[in-house]
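Enquirer: Residues per chain, in single letters:
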Amino acid sequence: MRSLDRMFEQSSRTLAQRTSRRSLLGALGQLLTGAALLPLLPLARGGRAEAATAQPDVNNPQSCDYWRYCAIDGFLCACCGGSTTSCPPGTVPSPITWIGTCHNPADDRHYMVSYNDCCGKTSCGHCDCNRNEREKPTYRPSRNNDLNWCLANGDDSNYHCSVSVILGVVPPGS
Amino acid sequence: MRSLDRMFEQSSRTLAQRTSRRSLLGALGQLLTGAALLPLLPLARGGRAEAATAQPDVNNPQSCDYWRYCAIDGFLCACCGGSTTSCPPGTVPSPITWIGTCHNPADDRHYMVSYNDCCGKTSCGHCDCNRNEREKPTYRPSRNNDLNWCLANGDDSNYHCSVSVILGVVPPGS
Amino acid sequence: MRASALMFTALVYLVAGVPVRAAPPPLQAEQLSVQKLPPPNPHWIYVFDEAFFNEIDARIHLFDGDTYQRLGQIDAGFSPGVNLSPDGATTVVATTYFSRGSRGTRTDVVEFTDNRTLRVTHEIVLPAKRAETVPSLFNVAYSADGHFVYAAYITPAASFGVLDPEHGTVLGEIDTAGCQLVIPSGPNRVSSLCESGRLLTVTLDAQGHEAGRAMSAQFFDTDHDPVFAQGIKSASGYLFVSFLGEVHEVDLSDVQPRFAAPWSLVSPAERGVWRPGGVQLGALQRALGRLYVPMHKGGEGSHKEGGSEIWVFDAGSHRRLARWPVAPLGLAPIVAVQVSQDEAPVLFAATSAADVAVLDARSGRLRHVEKHLGQTPWMMLN
Amino acid sequence: MRASALMFTALVYLVAGVPVRAAPPPLQAEQLSVQKLPPPNPHWIYVFDEAFFNEIDARIHLFDGDTYQRLGQIDAGFSPGVNLSPDGATTVVATTYFSRGSRGTRTDVVEFTDNRTLRVTHEIVLPAKRAETVPSLFNVAYSADGHFVYAAYITPAASFGVLDPEHGTVLGEIDTAGCQLVIPSGPNRVSSLCESGRLLTVTLDAQGHEAGRAMSAQFFDTDHDPVFAQGIKSASGYLFVSFLGEVHEVDLSDVQPRFAAPWSLVSPAERGVWRPGGVQLGALQRALGRLYVPMHKGGEGSHKEGGSEIWVFDAGSHRRLARWPVAPLGLAPIVAVQVSQDEAPVLFAATSAADVAVLDARSGRLRHVEKHLGQTPWMMLN
Numbered sequence: 001m002r003s004l005d006r007m008f009e010q011s012s013r014t015l016a017q018r019t020s021r022r023s024l025l026g027a028l029g030q031l032l033t034g035a036a037l038l039p040l041l042p043l044a045r046g047g048r049a050e051a052a053t054a055q056p057d058v059n060n061p062q063s064c065d066y067w068r069y070c071a072i073d074g075f076l077c078a079c080c081g082g083s084t085t086s087c088p089p090g091t092v093p094s095p096i097t098w099i100g101t102c103h104n105p106a107d108d109r110h111y112m113v114s115y116n117d118c119c120g121k122t123s124c125g126h127c128d129c130n131r132n133e134r135e136k137p138t139y140r141p142s143r144n145n146d147l148n149w150c151l152a153n154g155d156d157s158n159y160h161c162s163v164s165v166i167l168g169v170v171p172p173g174s
Numbered sequence: 001m002r003s004l005d006r007m008f009e010q011s012s013r014t015l016a017q018r019t020s021r022r023s024l025l026g027a028l029g030q031l032l033t034g035a036a037l038l039p040l041l042p043l044a045r046g047g048r049a050e051a052a053t054a055q056p057d058v059n060n061p062q063s064c065d066y067w068r069y070c071a072i073d074g075f076l077c078a079c080c081g082g083s084t085t086s087c088p089p090g091t092v093p094s095p096i097t098w099i100g101t102c103h104n105p106a107d108d109r110h111y112m113v114s115y116n117d118c119c120g121k122t123s124c125g126h127c128d129c130n131r132n133e134r135e136k137p138t139y140r141p142s143r144n145n146d147l148n149w150c151l152a153n154g155d156d157s158n159y160h161c162s163v164s165v166i167l168g169v170v171p172p173g174s
Numbered sequence: 001m002r003a004s005a006l007m008f009t010a011l012v013y014l015v016a017g018v019p020v021r022a023a024p025p026p027l028q029a030e031q032l033s034v035q036k037l038p039p040p041n042p043h044w045i046y047v048f049d050e051a052f053f054n055e056i057d058a059r060i061h062l063f064d065g066d067t068y069q070r071l072g073q074i075d076a077g078f079s080p081g082v083n084l085s086p087d088g089a090t091t092v093v094a095t096t097y098f099s100r101g102s103r104g105t106r107t108d109v110v111e112f113t114d115n116r117t118l119r120v121t122h123e124i125v126l127p128a129k130r131a132e133t134v135p136s137l138f139n140v141a142y143s144a145d146g147h148f149v150y151a152a153y154i155t156p157a158a159s160f161g162v163l164d165p166e167h168g169t170v171l172g173e174i175d176t177a178g179c180q181l182v183i184p185s186g187p188n189r190v191s192s193l194c195e196s197g198r199l200l201t202v203t204l205d206a207q208g209h210e211a212g213r214a215m216s217a218q219f220f221d222t223d224h225d226p227v228f229a230q231g232i233k234s235a236s237g238y239l240f241v242s243f244l245g246e247v248h249e250v251d252l253s254d255v256q257p258r259f260a261a262p263w264s265l266v267s268p269a270e271r272g273v274w275r276p277g278g279v280q281l282g283a284l285q286r287a288l289g290r291l292y293v294p295m296h297k298g299g300e301g302s303h304k305e306g307g308s309e310i311w312v313f314d315a316g317s318h319r320r321l322a323r324w325p326v327a328p329l330g331l332a333p334i335v336a337v338q339v340s341q342d343e344a345p346v347l348f349a350a351t352s353a354a355d356v357a358v359l360d361a362r363s364g365r366l367r368h369v370e371k372h373l374g375q376t377p378w379m380m381l382n
Numbered sequence: 001m002r003a004s005a006l007m008f009t010a011l012v013y014l015v016a017g018v019p020v021r022a023a024p025p026p027l028q029a030e031q032l033s034v035q036k037l038p039p040p041n042p043h044w045i046y047v048f049d050e051a052f053f054n055e056i057d058a059r060i061h062l063f064d065g066d067t068y069q070r071l072g073q074i075d076a077g078f079s080p081g082v083n084l085s086p087d088g089a090t091t092v093v094a095t096t097y098f099s100r101g102s103r104g105t106r107t108d109v110v111e112f113t114d115n116r117t118l119r120v121t122h123e124i125v126l127p128a129k130r131a132e133t134v135p136s137l138f139n140v141a142y143s144a145d146g147h148f149v150y151a152a153y154i155t156p157a158a159s160f161g162v163l164d165p166e167h168g169t170v171l172g173e174i175d176t177a178g179c180q181l182v183i184p185s186g187p188n189r190v191s192s193l194c195e196s197g198r199l200l201t202v203t204l205d206a207q208g209h210e211a212g213r214a215m216s217a218q219f220f221d222t223d224h225d226p227v228f229a230q231g232i233k234s235a236s237g238y239l240f241v242s243f244l245g246e247v248h249e250v251d252l253s254d255v256q257p258r259f260a261a262p263w264s265l266v267s268p269a270e271r272g273v274w275r276p277g278g279v280q281l282g283a284l285q286r287a288l289g290r291l292y293v294p295m296h297k298g299g300e301g302s303h304k305e306g307g308s309e310i311w312v313f314d315a316g317s318h319r320r321l322a323r324w325p326v327a328p329l330g331l332a333p334i335v336a337v338q339v340s341q342d343e344a345p346v347l348f349a350a351t352s353a354a355d356v357a358v359l360d361a362r363s364g365r366l367r368h369v370e371k372h373l374g375q376t377p378w379m380m381l382n
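Protein chains in written order, with this note's numbering: chain A, 1 to 174; chain B, 1 to 174; chain C, 1 to 382; chain D, 1 to 382.
Think of the hints as simulated: they come from the structure by calculation, not from any bench. Mixed in with the good hints there might be a few duds.
Unchecked claim - Sample of chain A residues facing chain C (criterion: CB under 10 Å; computed from the structure): (1) Q62; (2) C64; (3) A71; (4) T122; (5) E133; (6) R134; (7) Y139; (8) R140; (9) S142; (10) N148; (11) W149.
Stated by the list, open to error - Label pairs and their in silico Cβ distance ranges: (12) D:D164 / C:D114: 44 to 50 Å; (13) C:D342 / A:C64: 55 to 61 Å; (14) C:T105 / D:R367: 52 to 58 Å; (15) C:G272 / A:C64: 22 to 28 Å; (16) D:P328 / A:C64: 29 to 35 Å; (17) D:Y68 / C:G301: 29 to 35 Å; (18) D:A23 / C:E210: 53 to 59 Å; (19) A:C64 / D:Y68: 55 to 61 Å; (20) C:L329 / A:C64: 23 to 29 Å; (21) B:E133 / D:T105: 33 to 39 Å; (22) D:Y68 / C:H209: 54 to 60 Å; (23) A:C64 / C:H318: 47 to 53 Å; (24) C:D114 / D:F219: 50 to 56 Å.
Note that beta-carbon positions come from the ideal geometry of N, C-alpha and C, so glycine has one too.
Work out the full structure, taking the sequences as your base and the hints as a guide.
Expert: This is the structure in structure tokens:
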């Protein structure tokens with residue numbers, strides 16, 4: 001089962017936390033070393049952005065309906081002093097995490113999302129969100145949101161809330 | 001302010017926990033040494049027991065309306081595995097406590113009640129009860145229910161729930 | 001109260017044994033005590049409350065399914081694993097504490113509570129590797145003879161600790177790379193669920209060290225229809241239910257697990273429409289041979305939704321015997337079920353609204369709803 | 001996702017800067033960070049949640065009364081005392097931890113949190129004597145110059161600890177027999193409320209040791225109309241409100257406290273009918289000279305009931321300016337109030353349903369209701 005996408009998941013999970021876009025590009029570059037760089041055209045389906053406007057919660061970072069939260073089971077950091085991609089002040093991001101694949105209705109693309117936990121304070125207790133699209137049981141950890149992903153943070157391993165960091169787009173048909 | 005009733009409160013608060021009826025009698029006897037033992041006839045007003053039956057919660061130990069809970073601010077041990085006078089299994093009674101004076105509609109008498117906290121487990125969280133008849137601020141500790149009365153229990157000083165132990169009757173007019 | 005009144009108090013008290021006029025005697029002075037538990041009965045249930053909104057304060061409520069009384073509480077720390085000893089005399093809690101409540105020095109520990117007194121009798125400190133995940137029977141577990149306790153570790157690398165509960169020691173740690181959790185069988189075997197859809201079974205020697213290991217055949221498909229990482233105890237092992245409702249019966253009575261042919265909770269028409277879901281998603285009454293599963297209508301990703309109905313199956317014939325919708329009973333969706341193993345069995349159903357319902361396990365008749373038995377009661381043990 | 005698909009992913013990502021057809025460019029990969037707090041504003045409020053149903057998990061929510069956003073959280077342990085430093089830069093929490101969550105070795109400690117980062121910077125371990133009682137401004141407090149921190153001790157014998165927050169040390173303990181809590185004034189004075197209805201004031205030397213003490217005249221009657229053990233900060237000291245609604249203004253700007261003639265929140269007809277109540281039962285807007293008090297109708301023993309109305313007084317003339325009933329605003333009774341001290345002040349009102357309302361402090365107009373800001377928000381600081 002150690003396929004390339006698993007490798008990608010594993011490496012991006014440990015990278016997402018402190019990786020700038022620039023260095024993620026570098027990591028992707030390494031991953032692609034030796035592969036032909038064939039351009040690929042994403043399909044433009046369109047017409048979903050309007051539908052999303054009619055369902056505003058799909059674009060509201062403080063709503064569990066927000067498109068990129070499709071595999072969060074926990075408290076939304078955007079309701080706890082953080083944002084979709086930032087941990088609340090005084091908390092510590094988890095260096096390891098799980099991965100989701102979510103559909104963005106605004107551009108009709110699927111994105112790979114890293115869900116990091118923010119750690120070191122007790123439960124935020126606000127905006128409890130339980131979505132599990134493509135979520136798998138704990139024995140498949142890279143796709144599991146039941147694990148306390150703060151668990152490797154040592155003394156700062158208490159779970160506070162979860163963020164969702166876009167890693168990249170998933171091409172249609174994958 | 002060190003009047004006799006204060007002394008009574010202080011001593012009964014430290015006694016109530018492990019004192020049998022027999023030894024409480026002894027303590028009262030000591031308190032009364034030198035006083036003439038004049039018999040006193042309690043007034044029989046009657047007629048309130050029926051009224052109480054029409055308001056069953058006044059006689060329900062799992063209801064905050066229960067007559068003897070007139071100065072409990074906390075969780076009722078009777079809802080937590082204990083009873084009106086017993087701490088839940090595995091908890092530790094507080095040796096110090098506060099005192100209330102409650103009216104029992106069944107016999108129309110006022111009783112002096114010792115409210116002990118049960119300690120060493122986290123909040124029972126059930127049957128939250130907040131009654132404050134004749135309750136006084138914390139600077140008058142013997143009549144205060146805001147203090148965690150488990151506080152002198154050392155490592156077992158976490159607050160779990162509160163009980164109400166009858167110490168004796170208060171004569172009418174007092 | 002004036003000082004003079006106090007003397008009246010004492011005097012009335014002292015003469016209380018002598019009735020005067022028609023007045024009833026005053027109530028006697030009482031003695032404070034600590035409640036003793038009554039003898040256990042088969043309808044006792046240990047309700048685990050994760051307290052997800054205040055997660056450092058998880059606890060277990062001991063509840064009586066006959067009297068509907070709360071009998072007591074066992075505190076359980078942060079994101080714990082919880083189980084009972086085979087004789088029911090001990091509750092084992094594997095948990096984590098921080099020296100400053102939610103932060104500071106981390107201590108992972110296994111605590112043993114005497115179920116007669118609800119006091120912790122002793123503990124075993126673990127390496128800071130304990131699996132912190134949703135409740136299951138497999139986060140911490142006893143061997144069948146009670147001589148070993150197994151604690152699942154996830155860092156996220158997977159392994160488990162072997163503990164000696166009697167002497168309070170850690171005997172060792174066994175690596176289970178790619179396989180997780182502790183599924184006990186017999187006196188000395190531990191199986192783990194593998195990412196590959198197999199079971200790894202490690203056999204221990206008398207010192208709790210690895211004596212051998214075996215990997216089973218693949219019995220489910222992790223990608224397309226994974227089984228829940230929660231088991232339903234059967235006579236010879238566990239049933240594992242998949243997201244789509246396949247039932248995998250695993251017999252763990254021998255060194256190599258045996259897998260019965262899977263059967264389905266749903267008809268072909270229901271498949272992918274009705275699904276099992278929740279946290280503790282099944283209970284088996286072993287004498288009656290009845291399996292209870294909370295079921296809901298939902299799509300992919302709905303596997304944590306509670307059941308809008310409880311479906312009842314004959315575990316032998318796999319026939320569905322009943323559907324018990326819970327909304328008509330005033331219940332929110334069911335996130336956990338457990339059943340007593342006596343001759344007059346009761347079914348316990350915990351809801352997403354934190355209530356616990358007590359039902360007749362034969363008829364489904366609702367006997368009682370205990371409101372708010374904690375914040376998030378996600379598993380029940382008996 | 002197949003392995004080949006991954007390459008597509010990466011490739012799409014890499015060419016994302018080059019639009020092809022009319023499709024919008026894909027969203028860029030993002031970076032995880034830790035949020036920095038914006039600059040403080042006068043409408044920030046520190047909402048203390050006792051979390052009474054999970055009392056080892058108390059916390060403070062930092063909330064913005066302009067944007068209605070939660071800005072962050074400070075954890076606060078079991079039954080803590082909480083206060084802010086005079087410059088607002090530090091939150092001080094005096095609390096208790098047990099090595100096993102709810103039991104085990106007890107540690108009393110004062111923790112200092114940098115309000116710019118919401119990280120604990122340092123702590124001072126106390127003797128295990130800390131006052132564990134309902135929140136007030138007087139469980140833990142700073143001297144006016146910030147050089148001392150005072151921690152109230154109750155065992156139930158009363159004393160207090162003098163701490164050096166800069167060097168993280170306990171300087172000493174001062175006995176206050178019969179008098180409780182730490183009411184700070186000036187750089188080196190601590191007053192305590194006495195069972196006798198007086199104020200004990202201890203003056204400290206530069207080392208934090210007692211240099212002198214003075215007992216005031218009696219200013220209230222403990223038995224017949226006690227003042228709440230909670231104060232309302234004024235320009236020169238505190239207002240203390242009695243159960244029956246008398247306002248005792250105490251000027252602490254000199255060594256000996258000065259007591260103004262008490263005045264009443266209620267008319268003779270209202271006395272004993274309308275009462276102040278709750279936990280934090282008043283707030284004073286010092287520039288406007290307006291006093292806000294939650295009031296309810298009730299009898300003896302109702303002093304912890306929240307206000308069905310907020311009454312607004314001119315603090316100079318003692319005239320009642322307004323009554324603001326809260327039920328029409330959809331609010332449960334008010335258990336705590338606080339007001340901002342800027343020129344466009346907002347009034348914060350915490351309810352018994354754990355909501356926090358934001359009102360215009362001049363008009364009473366409701367601006368916002370923040371639902372469920374914790375379990376039991378009983379005090380607010382700014």
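Enquirer: The structure should be examined with respect to each hint, and the outcome stated for every one.
Expert: Outcome of the hint check:
1. Q62: violated (17 Å)
2. C64: Since the shortest Cβ distance to chain C is 13 Å, the answer is violated.
3. A71: Since chain C brings a Cβ to about 8 Å from A71 of chain A, closer than 10 Å, the hint holds.
4. T122: holds (4 Å)
5. E133: Since chain C brings a Cβ to about 4 Å from E133 of chain A, closer than 10 Å, the hint holds.
6. R134: For R134 of chain A, the interface hint holds, since the closest Cβ of chain C sits about 7 Å away, which is under 10 Å.
7. Y139: holds (4 Å)
8. R140: holds (5 Å)
9. S142: holds (9 Å)
10. N148: holds (4 Å)
11. W149: This hint holds: W149 of chain A lies near chain C, its Cβ roughly 8 Å from the closest one there, short of 10 Å.
12. D:D164 / C:D114: 44 to 50 Å: Check passed, 45 Å falls within 44 to 50 Å.
13. C:D342 / A:C64: 55 to 61 Å: violated (41 Å)
14. C:T105 / D:R367: 52 to 58 Å: 43 Å Cβ-Cβ, so the 52 to 58 Å window is violated.
15. C:G272 / A:C64: 22 to 28 Å: Holds, since G272 of chain C and C64 of chain A (Cβ atoms, about 23 Å apart) stay within the stated range.
16. D:P328 / A:C64: 29 to 35 Å: holds (32 Å)
17. D:Y68 / C:G301: 29 to 35 Å: Given a distance of about 31 Å, which is inside 29 to 35 Å, the answer is holds.
18. D:A23 / C:E210: 53 to 59 Å: Taking Cβ atoms as reference, A23 of chain D and E210 of chain C lie about 56 Å apart, which means the hint holds.
19. A:C64 / D:Y68: 55 to 61 Å: This hint is violated: roughly 19 Å between Cβ atoms.
20. C:L329 / A:C64: 23 to 29 Å: Taking Cβ atoms as reference, L329 of chain C and C64 of chain A lie about 27 Å apart, which means the hint holds.
21. B:E133 / D:T105: 33 to 39 Å: The hint (33 to 39 Å, Cβ to Cβ) holds, given that E133 of chain B and T105 of chain D are roughly 37 Å apart.
22. D:Y68 / C:H209: 54 to 60 Å: 59 Å Cβ-Cβ, so the 54 to 60 Å window holds.
23. A:C64 / C:H318: 47 to 53 Å: Given a distance of about 37 Å, which is not inside 47 to 53 Å, the answer is violated.
24. C:D114 / D:F219: 50 to 56 Å: holds (54 Å)
When held up to the earlier numbered hints, the structure conflicts with 1, 2, 13, 14, 19 and 23 and fits the remainder.
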